[in-house]
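The listed protein sequences derive, respectively, from chains P and B.
Under the numbering used here, read the first sequence as residues 1 to 493, first letter to last.
Under the numbering used here, read the second sequence as residues 1 to 114, first letter to last.
Bear in mind the hints are in silico, worked out from the structure with no lab data behind them.
Quick reminder that beta carbons are idealized off the backbone N, C-alpha and C, glycines included.
Be aware that one or more of the hints could be misleading.
Per the computed footprint, the stretches of chain P lying under chain B, defined by three or more beta-carbons under 8 Å from a beta-carbon of chain B, are [what the hints assert, rightly or not]:
no., segment
1, 156–164
2, 308–322
3, 366–373
4, 460–467
Restraint ranges, calculated between C-beta atoms of paired labels, are given here [as the list claims (entries may be wrong)]:
no., chain 1, residue 1, chain 2, residue 2, range
5, B, Thr2, P, Val253, 26 to 32 Å
6, B, Thr19, P, His59, 41 to 47 Å
7, B, Ser8, P, Leu179, 43 to 49 Å
8, P, Pro41, B, Gln80, 39 to 45 Å
9, B, Glu113, P, Asp446, 24 to 30 Å
10, P, Asp374, B, Ala42, 34 to 40 Å
11, P, Pro41, B, Glu4, 20 to 26 Å
12, P, Glu287, B, Thr19, 52 to 58 Å
13, P, Asp374, B, Arg76, 38 to 44 Å
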Amino acid sequence: MEAARSVEFSVAMTTPIDADLRRHLDKGARQEDLTFAVWRPSSGRRRTTAVLCRLLLPHENERVLRGNVAFTADYVQRALGELQPGEGLALIHSHLGPGWQDMSGDDVVAERDRLAGAAFGRTGLPVVGLTSGTDGSWSARRWIRVAPRQYERDDAATVRVVGSRLRLTFHPKLHPAPLSGANQVATVSVWGDVNQADLVRARVAIVGLGSVGSLVAEGLARMGASDLVFIDHDRIEERNLDRTAGARAHDAVIKRLKVKVADRNFRTVATASSLTVLQVPYSLLTETGLKAALDADVIFSCVDRPWPRHVLNAMAYNDLIPVIDGGIYALVDGDAFVHANWRIHTVGPGRGCLTCINALNRDDVSLDISGKLDDPDYIKNLPKEKRELLSRRNVFPFSMAVAAHEILHFVGCICGLERVAGVGPQTYHCYPGEMHVNANRLCDPDCAYDALTARCADLSGNLDPTLATNHGRSRRGRSHPRPAGSSDSLRQA
Amino acid sequence: MTNEDLVSHLVGLGHTVETLDRGPQDRWILLREYSISTGSLAGQSRDVAIQWSPQIPYVAPSAIHVRPHVVAMGTRNAQQSVLGTQWQYLSRVLRCPPTPQAWVVHINTIFSEF
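Turn these sequences into a full structure, and let the hints steer you where they fit.
Here's what the structure looks like:
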């Protein structure tokens, strides 16, 4: 953990933790305050996130309030004693100004000289410091051990507060607000410079670059998104050409990776002046795919299989990464089209999960894991409605509708604009042509996904073990290719 | 629920429960001589194996494995088991939120079919 400055650092917390902190820290315009808190590591490929999981608020006489604030040695000892294995210590204090906060000399002494060694010695993890601004902003850093009794500051690139809204504070030097150009004037005119700056700096992973995912990628590119992760092991085939944005006939001939097609299309239409796009030609159900997804601020779930959607549903709560998901159901009787509807929803802390909003059945997850959903005999014996659900019929206009609403959910999630995204999971019925909203649907009290909130449990057991050993083919014959060429490395441009 | 919750619930009910480790991601919960209370097999007993689910949150495996066989292979969704020829794979999905109590009902329901 003390390693890698090459690994980006971020801090995340839920909205209730943020609210509790604000209540505790707000002592008016002339008094700072502090508290200790517990964090757990969520480790992606390029980013480690310290996820705050509980507060250790000070007891009477455990800190000294004199305009500024200091903690007592007894408080440090109590806080360290309350940590469980795998948990780290965070010191959180308030400043009396707005925006990302720099550190005073006293702040540095408190975190580096009084805490870093004690915390590292007790936990093997760096101490994390957070500072609140008066406008709701957070700033954060960790203290990395570089030599015995020597610790260096590593600033967080972002701090994320995750609830029904995802509120991001960006480090002003590591992630400065980009200037929007003439090619984004119309977009900015709708939701303004501040929202646009947050939207385009958020790191977005798209899992599945098929019909919906390829369109989401194009939509985000035109809006100005600049930091993307494309995750898909699959390759373009002829049957994909009628519903994959940016795909060409030649791509099907050479079976080009979908992530490469998405990358090419993204760059062709992007309006951002600087792009970071990571191609991950692996299944989400591999360690590489999972780690790449854990680097994201928001994930678009554009896969239709229950197993990866179960993994994404778990990640949304476990690692505090909102997941925007959709699904299309088209019913055909023989050659006659009967009906279609589609759903769009965002899941994560503060929202109902995929199972609680009836968008994912856990028994389907079980069937997918067992391989039954690839067994034609099994499918043949299912009731017709279930067969239709699993048939994944789709046409490009349906995907366009779902992709458009998923992007609106993204805008609403980052900017807190319910008037763009609506107030909850949506279902569109083609006939008679109505959008139904299930407002403010939360998880059931005993929901197993919601119970994972901020736990940072190791989800590697959720992966497909057959993909870890065969480098290319699943036991069910689905293609899970390695990247083109022989390297295992990912592609970043 | 967790695998441990299931083991502890079954032990609490008085069953003889073992865990069988056959390698990475190949762990099983084994109930010895599970007494069948309903159906044509009532009064008999079978060993029952449930694969240890590595999923978080818990996802119930879509089958139980029984020894000795309860039905002719290839009928009633009974197939060969990875545990060996003495065992039989009964493909039955637990179609409710997984809890230890639901598992016990599920096992009894499966046996009551025969």
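Evaluated hints:
1. Coverage of a stretch by a chain is defined here by at least three residues with a beta carbon nearer than 8 Å to that chain's beta carbons; for the segment 156–164 of chain P and chain B the count is 0, and the condition is violated.
2. Coverage of the segment 308–322 of chain P by chain B holds. Counting CB-CB distances below 8 Å, 3 residues qualify, and the rule asks for three or more.
3. With a threshold of 8 Å between beta carbons, the proposed coverage of the segment 366–373 of chain P by chain B holds, since 5 of its residues qualify and at least three are required.
4. For the segment 460–467 of chain P, the assignment as covered by chain B holds, since 3 residues bring a beta-carbon within under 8 Å of that chain's beta-carbons and 3 suffice.
5. A hinted range of 26 to 32 Å is violated for the C-beta pair Thr2 (chain B) and Val253 (chain P), which are about 49 Å apart.
6. Between Thr19 (chain B) and His59 (chain P) the beta carbons are some 43 Å apart, a value that agrees with the proposed interval 41 to 47 Å.
7. A C-beta distance of roughly 60 Å is found between Ser8 (chain B) and Leu179 (chain P), which places it outside the suggested range of 43 to 49 Å.
8. Distance hint for Pro41 (chain P) and Gln80 (chain B): a CB-CB separation of about 43 Å, consistent with the stated range 39 to 45 Å.
9. Taken as a hint, the range 24 to 30 Å holds for the pair Glu113 (chain B) and Asp446 (chain P), whose Cβ atoms sit roughly 29 Å apart.
10. A beta carbon spacing of about 36 Å between Asp374 (chain P) and Ala42 (chain B) agrees with the range 34 to 40 Å that was offered as a hint.
11. A beta carbon spacing of about 24 Å between Pro41 (chain P) and Glu4 (chain B) agrees with the range 20 to 26 Å that was offered as a hint.
12. For Glu287 (chain P) paired with Thr19 (chain B), a C-beta distance near 25 Å fails the hint of 52 to 58 Å.
13. A hinted range of 38 to 44 Å is violated for the C-beta pair Asp374 (chain P) and Arg76 (chain B), which are about 21 Å apart.
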